[in-house]
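Taken in order, these protein sequences are the chains called H and F.
Heads up, the first sequence is in the working numbering, so the first residue is 3 and it goes up one at a time.
Heads up, the second sequence is in the working numbering, so the first residue is 12 and it goes up one at a time.
Just so you know, the hints here were simulated from the structure itself, not pulled from any lab data.
Errors might be hidden in some of the hints.
Derived pair list, reagent style SDA-like, types lysine to any residue, alpha-carbon separation capped at 25 Å [what the hints assert, rightly or not]:
1) F/361 - H/49
2) F/226 - H/77
3) F/361 - H/36
4) F/298 - F/320
5) F/322 - H/50
6) F/322 - H/37
7) F/322 - F/345
8) F/322 - H/77
As the structure is a prediction and not an experimental result, all values here were calculated from the model.
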Amino acid sequence: MRLTCPLCGERDSREFYYQGAASMLNRPPADAAGQEWHSYMHLRDNPAGEVRDLWYHQDGCGSWLVVSRNTVTHHISSVDLIGAQNAG
Amino acid sequence: MRFSALKVLKEGLTGNKGWQPHWRNPEPKAEYDAVIIGGGGHGLSTAYYLAKEHGLSNIAVLEKGYLGGGNVGRNTTIVRANYYLPGNSEFYSHSLKLWEGLEQDLNYNVMHSQRGIINLFHSDGQRDAAVRRGNAMINQGDDAHLLSREEVRAKLPYLDFDNARFPIYGGLYHPRGGTARHDAVAWGYARGADQRGVDLIQNCEVTGIDVENGKVVGVQTTRGPIRAKKVGMVTAGRSSQVAQMAGMRLPIESHILQAYVTEGLKPVIDHVVTFGMSHFYISQSDKGGLVFGGDLDFYASYAARGNLPGKEQVMEAAMALMPMIGKARVLRSWGGIMDMSPDGSPIIDKTHIDGLFLNTGWCYGGFKAVPGSGFAMAHLMATGRPHASGEKLRLDRFETGRGLMDEEGTGAQHNLH
């Protein structure tokens with residue numbers, strides 16, 4: 003699997019650290035209810051199909067990336083810097 | 012039809028013409044007392060124990076593919092009870108006891124082989140952790156022996172003891188651990204359930220879960236609607252999709268775990284051996300193939316196949332631990348869909364919907380749990396109360412933070428197990 007980092011170009015997936023669902027960008031406010039934090043921390047849509055994931059280019063430029071990917075085919079349709087689009 | 016040595020001999024002498032199918036292939040009925048979604052190891056064992064322990068016979072197992080075609084047919088077949096934390100400890104201990112009586116109970120040869128597991132350690136810190144884990148196992152009533160480096164050498168002379176980075180300091184030996192023939196476990200439970208009247212319905216995908224007034228009333232399937240008083244969701248890597256039909260979001264991410272088999276070799280690895288400095292475990296099947304695996308690929312996936320970095324990491328670990336393995340040729344590899352929970356431990360619990368039960372979160376460890384999981388799930392579904400062995404496998408532990416079972420001590424977070 004290869005990811006095309008917007009800053010570094012196409013790179014081997016070994017260079018990247020996988021964080022998980024991009025819903026992690028939607029951090030609740032500090033005073034949010036426990037249920038909301040639980041949902042943010044633990045609950046996942048976990049779809050078989052298109053997902054948006056957070057990856058970190060740890061052996062490259064150090065950017066956090068939002069990767070649109072298919073979990074059934076491993077096809078990657080886009081890789082964006084997290085600042086380049088609206089979170090979530 | 013009962014299996015016995017005499018029967019095998021008789022059939023062998025008469026052309027093997029007297030064997031019969033191990034289970035019926037019934038049409039689904041309009042209504043059941045209980046429906047199990049998922050005809051894998053856990054679903055079949057749940058149905059079996061519901062019938063055997065709780066006297067229910069009007070049960071169906073609904074399987075979208077064929078029985079045992081998922082993770083129970085694609086794993087590294089390791090059976091053990093070497094857990095550390097309360098919750099896991101008593102659960103896997105109970106499961107191992109069920110394993111030890113399983114072949115007689117099922118009248119089925121699951122080739123359960125208690126060849127022993129040796130978890131190697133490679134530093135003083137790991138030795139301390141192994142001592143602590145061994146004591147926890149002994150406190151649970153199971154078996155654990157700390158092996159010195161020379162005792163390990165006597166059992167496993169083929170290891171690289173003086174690897175510059177990962178010298179072997181010793182091992183934690185769990186003699187009752189071992190392996191079993193994975194497919195036979197599914198088939199044995201299927202046959203046992205079928206004999207007790209359970210309808211095993213294959214090629215029947217559940218497409219909806221019917222809920223009325225907060226109570227489950229049945230399921231929609233590709234073979235028509237089926238009414239049910241109780242429904243158990245036992246679908247491992249597909250748990251999130253099934254639970255979504257009931258409006259639930261689960262604390263589950265599905266990941267790939269790859270495993271590998273070499274060509275058949277003469278007996279060379281007599282135990283299950285695990286490498287302490289990299290996630291790697293190996294045993295030799297009765298057919299001679301070396302069966303081994305390592306870590307997840309570490310990204311969410313339903314592809315049921317992995318990528319090369321995962322393979323490379325496992326092969327490197329194998330070569331570091333036992334250089335002789337370099338002469339073996341890998342025959343095949345495959346990937347299973349793991350239902351990863353945030354703390355790396357399983358869930359057997361009720362849901363917010365009356366009559367709907369959840370069994371998921373088996374992570375890497377589902378195979379050894381097959382008997383214990385079915386037993387605890389059946390108890391919960393039949394009585395409405397958790398069985399003592401599974402009462403800590405609660406769904407709400409992530410929300411409350413109470414009773415998290417994070418064996419690795421890395422934190423109850425999705426990307427850490």
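> Of the numbered hints stated previously, which ones are contradicted by the structure, given in increasing order?
Replying inline: The structure breaks hints 2, 4, 6; every other hint is satisfied.
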